[in-house]
Every structure is written in structure tokens, then in C-alpha cells.
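Chains as they are written, first to last, in my numbering: chain A, 540 to 1037; chain B, 2 to 512; chain C, 139 to 238.
Take the hints with a grain of salt, since some may be wrong.
[Said to hold, decoys possible] Using 25 Å as the maximum straight-line C-alpha spacing, the simulated DSS-like pairs for lysine-lysine come out as follows:
#1 B:LYS375 <-> A:LYS696
#2 B:LYS160 <-> C:LYS168
#3 B:LYS208 <-> C:LYS143
#4 B:LYS160 <-> B:LYS375
[What the hints assert, rightly or not] Now the in silico label distances, taken between C-beta atoms and shown as ranges:
#5 B:LEU478 <-> A:GLU1029: 39 to 49 Å
#6 A:LYS696 <-> B:THR274: 48 to 58 Å
#7 B:PRO457 <-> A:VAL985: 37 to 47 Å
#8 B:HIS374 <-> A:THR703: 19 to 29 Å
#9 A:THR542 <-> B:ILE64: 40 to 50 Å
#10 A:PRO820 <-> B:ILE50: 52 to 62 Å
#11 B:SER492 <-> A:GLU1032: 49 to 59 Å
#12 B:PRO457 <-> C:ALA216: 36 to 46 Å
#13 B:PRO457 <-> A:ARG565: 20 to 30 Å
#14 C:LYS143 <-> B:GLN202: 19 to 29 Å
#15 C:PRO235 <-> B:HIS374: 12 to 22 Å
#16 A:ILE545 <-> B:LEU43: 48 to 58 Å
#17 A:ARG565 <-> B:GLY66: 56 to 66 Å
Since the hints were made in silico from the structure, they are not lab data. Quick reminder that beta carbons are idealized off the backbone N, C-alpha and C, glycines included.
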Amino acid sequence: METTSILPLLILGSSFIPGTLILLLREDQSSQRTFLNIFGAVAKVSLIALVFAGYMRGEDYTFVFSLAPGLNFTLRVDLLGLFFATLSAVLWLITTLYAIGYLEGGRHRRRFFAFFSYCITASTGIALSGDVVTFFIFYEFLTLSTYPLVVHLGTDKAVNAGRTYLWYTIGGGTILFLGVVGLSVIAGPIHFGQTEIIASLISENATQLAILFFLMLAGLAVKAAIFPLHSWLPISMVAPAPVSALLHAVAVVKAGAFGIIRLVYDVYGIETAGYMNLLTPLAVFAAFTIIYGSVRALFQDDFKRRLAFSTVSQLSYIALGVAITGVLSSTGAIVHLVHQGIMKITMFFAAGIVAETYGFYKISEMNGIGRRMPLTMGAFAIAVFGMIGLPPVAGFISKWYLGLGAIETGSYWVVLVLLGSSALNAAYFLPIIYRAWFCEPVQELVPRRRSGRLETQALMLIPVVVTGLLSLAAGVFAAVAGSPLSIAREIAERLYLL
Amino acid sequence: MINLPTSSLPAILVGLPILVATLSLFFRSRGKAVVGLLGSLLTAGLALIAFVEVAQLGSVIHILGGWEPPLGILLRMDPLAVVFIGMTALVGVFISLFAWWYFRAQESTNGKFSLFWPLWLFLWAGLNGLFLSNDLFNLFVTIEVIGICAVALAVLSGKTDSLFAGLRYLLAAITGSMAYLFGVALIYGSTGTLDLGLLGQILEPGKTTTFALLVITFGLMVKMAGFPFHFWLPPAHSSALAPVSALLSALVVKGAFYILLRLWAEVFGISLTYAGGQLIGLAGAVAVIWGSWQAFMQTNLKLIIAHSSVAQLGYLLMIFPLLILAPGVVAGSADWLSPAWTAGVYQVMAHAFAKASFFLSAGIIIMAQGHDHKGSLRDLASRMPMTTMAIGIAGVSLIGLPPSGGFFAKWMLLKGVFLSGQLWWAPVILTGSFLTAGYVFMLLRLAFAPARDQEPFRPVPHSLQVVALLLALGSFLIVFPAENLIQFLESSETFGSGIESIMEGGAYGNN
Amino acid sequence: METYKIYILTSAVLFVIGIGGVFMARHFIKKIIATVIMGGGVFLCFVSFAERDALTFADPVPHAMVITGIVVAVASAAFALALARRIYQLTGEQSFPIDK
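Kindly generate the complete structure, drawing on both the sequences and the hints.
This is the structure in C-alpha cells:
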């Protein structure tokens, strides 16, 4: 494979370079910092749009740097990667605006924004990786660059959360490392999509390949927060809201889910994985996690922790969709990458706004807040309806396809899991809506932060409204060409046609 | 050997630092530093030229004074040697710059550290000589020069604990070199030659050779602090001044490893057995686990780093079992030899950069806080973000996370382990990484934690922090030229033919 | 038994005594003397090899090496003595603390 373009490298650079420059700035140079942030985010979105357009015209974007024989650093653009990269880049742009508003006047903003940029570099790197080794490199880079954000507040609680986070993710990374080295020894360098390599080896190395599959799956399952490897996620919620929003709803956890998709679809191949019976354990764990996360969410009073357990549950939809084969369920799994991302980020934005504006961290404190913050809680409500699976919000589309896929393959128990999960989603989300809109405030609601006549600062309000509308639009316009659903369908169809 | 192209560079690489070091002795303290720094820069420049020359010409030799072996001394500069020389130069020049600013910042309190410069240059000459030597006795002389300079540097601060540690270090070093010399005597007695290349051809297996191999390996294990002879390393490395600690751990212990590698590969191939390789690998494996665990249990920053060296050196020993073939394995099918070699070389380089940076950062922290109890790291992330970054980056390389040099080394080691089927080493490699992550992130966690009490905090010059950070980054940057470097090394006689002779030896040993 | 073998055996004995002394003796001076004994053993071994093949004259190479070796050994021993003396001046200790 030859290097055909350095554009993938530029996409990474568009967040890595601003991040490094931010580290070199002084703490008080906030306008320069903001400029670099916005510039990087806009550049990244534009570059991805450029590559997307080129890819649709049939151009090939590959960047290869050989580290050693059999050990390449490969960036390659394919539809699935672009799909994930677009999600990360667009949400990064939105979250950057939010974070600038959220952290105004806070400490260590230089460090925060620098590592925030590194995280996105890692996340887009994961999306654009062309082979297992490159994926692993960015996967670990993501672990490391997230750590300073988790411990950002520097309190003992944050530092301890950081420790838990590291034990889980480093442990997962170590297991993944073992699997990746083993795979490269047995099968040589594998580019994503070359499923025929593994398929040709299963007759000789079936046991080793199965062991390696589960090693890698376990490594990825840590970040995808699949039971019993999920505990780090709720604990990491001590991080500032933009971190929880982008990283713990999108970048980090999706890296795990995306890795599982890559592993099953592009390394082992659906047929091989199905033939070797590798997917059943994944389906069982994913289904259990969906229910388990929802049940745990029911009992959380801390707003962000409830959202975190909801994330645990929702992420396993993706794993479940991967585990039951078929075009429809694959479509559902892939599209849920995006749908869950925009819905959950809306919720975390809203939680952050409530916490920053009124100082409320617990759901029981939030009586009547909807009337004070109609836009924020309105966007939140849209996301809630999506999570439950009410049409026409985005979440409905994912569940619909997952359900159809399950029926198509005769896995009726999956439908039960989906229905049960929807009921539980309703049970833990609707009370928040009820309190916010229909209960009388316990005490006088005095905002700590206000900006003019708006319910909170514009920089925080606009992002939440935008992502709320996006969740709605992704559902309403699902049939339109270029919608997440249409792209996910195309990815899935290509997978099964091959 | 004699018909290789000749060059005067090997002689200059050894001679120039000696000359400058001697010259600097005539100056007062300030002048010593100036001359010393200039000498370091000059030596590093020479190393660069040497690198280019070997890249163009291949291996070159120099016959000192025109006296041909066996009476004269032949210096041989092959790719493996020049890679080590280059690494010494890169790390050395950074440490020299650090030392320049470090001693200047402390000059008001203490001016007697200026002896650092001549000692360091003598040490550097010894290292270059060691990498270039081609006979057993010359290796002894260079390793003695290194040993004595290293101990002198270690006790430079003059504090009691460093004197104790230094004496322990010196006794270990003398024991190690005497054992080595005993082996040399036996080899000379049975063959009548000391030339490495010739020995590789004519050495015959037998009781004498095996005994010589044993005492030489013992001596070098003591010198490189291989488990269980590592006892002298933590006190000596942790009680020295910051630039000295960096030199000792990054460069000095690597000298003994280099000899061990060369001798096992080039000379003793014939008497090695599979079991012997497994045994030395086991020593390495225990060192990895034990050293990491000890590091995890320490409360002082420099002791943590020093114990970590024991573990990281253990990884080096773990390449030996991979280099010796099991009974019945055909030489041509052993595709794990190249990964194992690469792992060794990269582990040496990655550890040199990362550990040097780590010790320099510790020095910066001691300068700022006055002590190195690990609690002094609290709130470091806001006080000295650059040093926190340096510790983080160097730590990541020690753990072996991508895309660092340490990652590359561990990748290659694990790959070699898988390919050779000696799967029992895999858990050790991973456990070691995990424990390393334990102590590195314990330090980082403290760096982000709030300060408990307001201790006096002296600002540290930025230049010092920049040097430490650059060294840490170096442990990542060495990955980029990896492919070219591997090709370059594989054109080396040791890297190439050494593999051959080990394979022959392995085959013999199992007959 | 040929003469040189007696020397070699003696040198091995001296070497072992030296190693034992370095590790087992506690007093600094004893440890340092032990290293000197080790050195004596090694040099004896070298010189005996020079004698072995002597038909008309002794092999000069081992002698050259032994002279170099003695110089190194003397320097090391002197350095060790200097360190031991300094430790004694500063602390009064004559051996390593046990707990380390």
C-alpha cells in the first residue's frame, strides 16, 4: 500500500498542533487560546468534509509510515471511519464552544484545552486508523490524554477517580496489546477490511484466533463499558461537564464500541466470527449490560451518575447490534454510534448548565427548573424522548433497526431486551422531566450565572439547543440522503455484499 | 578484519574526551565547566560524524599507532557500536547542558562540583572505548575506567549516604571486573588470543571455556546490576547528584550489557546452552517483577526511579533466551531473532532517554522543594507543568505505551516471544508493564493532587526543565527512524553474524 | 602435575577466598583486602599461562596485561580506601549498616 495523501495526517494535525501550541501559551492568553481552539475545530470539520467529498468521488486517501517490517502506521479513509470522524469533529466544534463558556474564569484552562485537543486527535486517529496496530496506538493515546481531564479539578475525589479510570483502561490496554501482538504474529499485518486473511487461517489456528478475539474484545470492552468492566465510567463523572459530555458520551466510550465494530466487521469478518461462534458471548454480555445499566440508573440521584449508567446501557446497544448479524441490525448498531452520541451529549450539556447556573447536582433538587430554563430543558426533553425510543427522535430509528434485525435473524429475546430497556429508560428519565416541568420549586431559584436576558450564557446555551435539534433532525430526516441512517445503511450493505 | 577500511575517527572518539578532560584539570572551577561543556559538544559532534561515516562506509577499523594485533590495539567501529556511541552522545549532550545550568544555579552554595566535568569526559572516553574495543583485555580496561569514574561521580556530592553507596558500588565494580578478568585469563590461557573475531572462530567448547563463560557472565551481571546482583544500584543511583544519576542509569550500566551481548553473540556462541539462556532470562524476569514492585513500594522519588532501573535492565536480560535456539530448531526458521535483537537495542535506547529525563526531573523537584519524598510531587502539575509533562512522557515510555521507544521494544520482545513459542515470558512482560504503570501513575496522581501544606518552593530555571522534557520526547522520537535503524544494524557483523554464531552454539550445546 | 597447573589451582583458591571475603566480611578494610586477594589470584593465573609455553622465553603479552591490571587494581583499592577513610571521618562507621 502506497501513501496517496497526507490529508488524513492533516486531519489529525488540525487538533494536535493547536493543542501543542496551547500548551506553549501562557495561562492568561485566553483570546489566543480561544482562537486556536476554534480555528482547529473548524479546520478539522472542513478537512473532513473535503475528504468525505473526495471519498464519495472514489478517491483513495491513505497515509503509510513504516516503523519496522510488519509494523506500519497506517491512516486510511473508509466510510465507517469517516462516519465516526465526522461525529467526533462536529461534536468537538460544538463542545469547544460550550467548554469556553463553561470554564470561563476557571483554573488550568491551558492544560484543559490542550489535552482536550489531544483527546480529539486520538479519537479521529482511531476513526482513521487503517490497521490494528495504528488503532491500538491511538487507543492508548486516548487513555493517556483523557487522564489529565478526569483529574482536572485536582480534588482528592477527582484524583481517586483518575486512579480507577487508569487501572481499568491500562489493564484493558495491556490485554488488547497482547491480542494485537498475537494477531500480528499469526496473521501478519492486517489492514481493516482484509477479512480474507483471518478467514484463510481458521482451519489451522482456530483456537489461537478465538483466544485472541476474546483478548482484544475484553480490551475494547473496558472502554465500551460492558459489564463487568464498566465501573470506571460512573466514577469518572467527577470531570467537568464538557469532558463528560464529549469524552464519556462520545469519544472515549465510542472508541471502545467503534473498536468492537472494527474487530468484528473488518478484522475477523462477520462470516468468520459467526462461523467460529465468537459473537454469542458478546451478545449475552451486551444484553445483560443494557438491562443492568438501566436498573442501576434508576437508583441514582446524582444527575451525571444517572446519565453515566444510562450511557453504560446505551453503549451496549451497539455491541448487541454487532453481535446479532444481519444488514438491519448492523445498520442499527452503526447508526447508534451517532444517534446515541448526539442525544447523550445534549443531556450532559444540560446537566452541566443546570449545575453551573443553579448549582444543582442532584435530580431531587431540580423541581421546577424547566420553567426557568425552557430551552435547556426542552433540548433535554427531546433527548429523553429519543433515548426512550419515541418517534420521530433519533433513538427511535436505532431501536427500530435493531429490533427489525433481531426479528430478521429470529433472535426474539433481543426484542424483549429492547422493550424492557425502553421501559426502564422511561422509568428513570421521565421523573426528571416531570420534576423539571411540573413540580413547584422548593426554594427560590437564584441563578449564579446569567447573561443578559438568556437563561444562561449564550456559549453554553447554543450548543445544547443545536445538539437537541440535531437529535430531532437525525430522526425526522432519516430517510434523506446524507443522513446518518442513510450512511449507516450504506456501510452495512457494503459489508454484506462483500 | 584487517582489510576493512581504516579511519582515524575511532581513535579521536576516545582520545579527544581524554585530552579535554586532562586539559580541564588545569583550570579553576569556572574554567573547568566551560572547557568541559565545550568538550562534550565536540565529542557529540564527532559521534555524529562517526555515525555518518559508518552509514556510508560500513564498519571501519583503526589500528592504534600502527601496531597490529595481537600486540597492538585494534578499534572496530561497526553499526552496533556506532548506534551505542550515537546514543551516548545524544543523551550525554543533553545531560551536559543540564549539568551546566544545574551547577550554575547552585554555585552560590557549592563550587566543588566542577570536578564533574573531567570525570564525565573520562567516563565518556571509557564508554566510547568500550563500544569500539575488539579484544577482551581492552574491554577490561575501558570498563575499569568507566567504573572508577562512575563511582567518583556518584560520591561527588560528598554526603554520607552517597559515600556509603559509592563504596558499595566500588566494591561491586571491582568484584565484577576481577571476575571478568579471571575469565579473560582463562580464555587467553586456552587459546592464546584476545581478539573477539578470532576467538569466535577458534574457541573450543570444554570445561575451561564454560568456566570462563560463567565467571565473565557473573562479572558483567554484577556490573550491569542484573538480578540478583542489583543490590548496589538503588543506593548508588539515588544518592548521586541529578546529572550523575542520569548518567549512571542511562549510560553506565548499558556498557556492561553491551559487552555481555557482544561476548555471548560473538565469542561464546559455542558454549551456550538453551538452559543457560533460560536461566539468564529467568534472572531478567525476576528483576522485572521484583524491581517494579520495589519501585512501587518506595516513598522517595529517586529510589522509585532507581528501582525502576533494575526492572528495566531485567527486560534486557530477557532477550537472551530468545537468541539461543531450542534443541532441534533449524537456524533458518528462527524468525524471532531479529525482533529479539531489535527489542534489546530499543530497550537500551528508550530506557536511556526516559530514565535520564526521569532523574533530571527528580533533580529539578529536589531543587525546588529541597527533598524528594514523593509527597513533594503534590500539585506539581500547576507549579511546574513542564516537568510534570517530562515525568509523564518518560513514564509512558517506561511503561511501554505507544508510540514510545519503550512500546517499540516491548512490541518486538513480545513478538519474539510469540514467534519462538516461549510463551512463558509473555505474562512477565505484561505484569512488568502493569506494575510500571502503577508507580508512574502514582507519581502523576500526586502531581495533580492538591498540595497539603505550603512548603517553600524555589523557582527552577526554565532551561533545566526544557532539557528534561526534550530527553523525554527523545524516548518517543527514536521510534521514527526505526526501520532505517534496523536495516543499518542488520548490516552489522554482530547483528548479522552474531546471530549465526549463537545459532551454531545453540545447536552445539544441545548435541 | 605440571607446574603451571599448581599455579592455576592456587589462583582459583585465592579468587574464591577473595569473592567470599567481599561478600562476607563486614569491615571495610577486610572487604578491600578481599578484592586485592581476588586480584592476586587473577594475576597469578595470567602469569602462570605465560610460563606454560615457555620453551625459550616467556610470553610477554600476559605480563603486559598483568602490569596494566595491577595498576588498575591498585588505583581501585586506593580509591576504596579513601572512601572508607572519609566515611570513618564523617560518621565513625567501619562497616555498612546492617538494615540496608
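Evaluation of the provided hints:
1. B:LYS375 <-> A:LYS696: With a Cα-Cα distance of about 19 Å, the restraint between LYS375 of chain B and LYS696 of chain A holds, given a limit of 25 Å.
2. B:LYS160 <-> C:LYS168: 23 Å, holds
3. B:LYS208 <-> C:LYS143: 15 Å, holds
4. B:LYS160 <-> B:LYS375: 21 Å, holds
5. B:LEU478 <-> A:GLU1029: 39 to 49 Å: 41 Å, holds
6. A:LYS696 <-> B:THR274: 48 to 58 Å: 56 Å, holds
7. B:PRO457 <-> A:VAL985: 37 to 47 Å: Roughly 42 Å apart at Cβ, these two residues keep to the hinted range, so it holds.
8. B:HIS374 <-> A:THR703: 19 to 29 Å: The hint (19 to 29 Å, Cβ to Cβ) holds, given that HIS374 of chain B and THR703 of chain A are roughly 25 Å apart.
9. A:THR542 <-> B:ILE64: 40 to 50 Å: The hinted range 40 to 50 Å holds for THR542 of chain A and ILE64 of chain B, with Cβ atoms some 46 Å apart.
10. A:PRO820 <-> B:ILE50: 52 to 62 Å: Between PRO820 of chain A and ILE50 of chain B, where Cβ atoms are some 60 Å apart, the hint holds.
11. B:SER492 <-> A:GLU1032: 49 to 59 Å: With a Cβ separation near 50 Å, SER492 of chain B and GLU1032 of chain A satisfy 49 to 59 Å, so the hint holds.
12. B:PRO457 <-> C:ALA216: 36 to 46 Å: This hint holds: roughly 42 Å between Cβ atoms.
13. B:PRO457 <-> A:ARG565: 20 to 30 Å: Once the Cβ atoms are compared, 24 Å apart, the range 20 to 30 Å for ARG565 of chain A and PRO457 of chain B holds.
14. C:LYS143 <-> B:GLN202: 19 to 29 Å: 27 Å, holds
15. C:PRO235 <-> B:HIS374: 12 to 22 Å: Between PRO235 of chain C and HIS374 of chain B, where Cβ atoms are some 20 Å apart, the hint holds.
16. A:ILE545 <-> B:LEU43: 48 to 58 Å: Given about 39 Å between the Cβ atoms, the range is violated.
17. A:ARG565 <-> B:GLY66: 56 to 66 Å: 59 Å, holds
Consistency note: the structure conflicts with earlier hint 16 alone.
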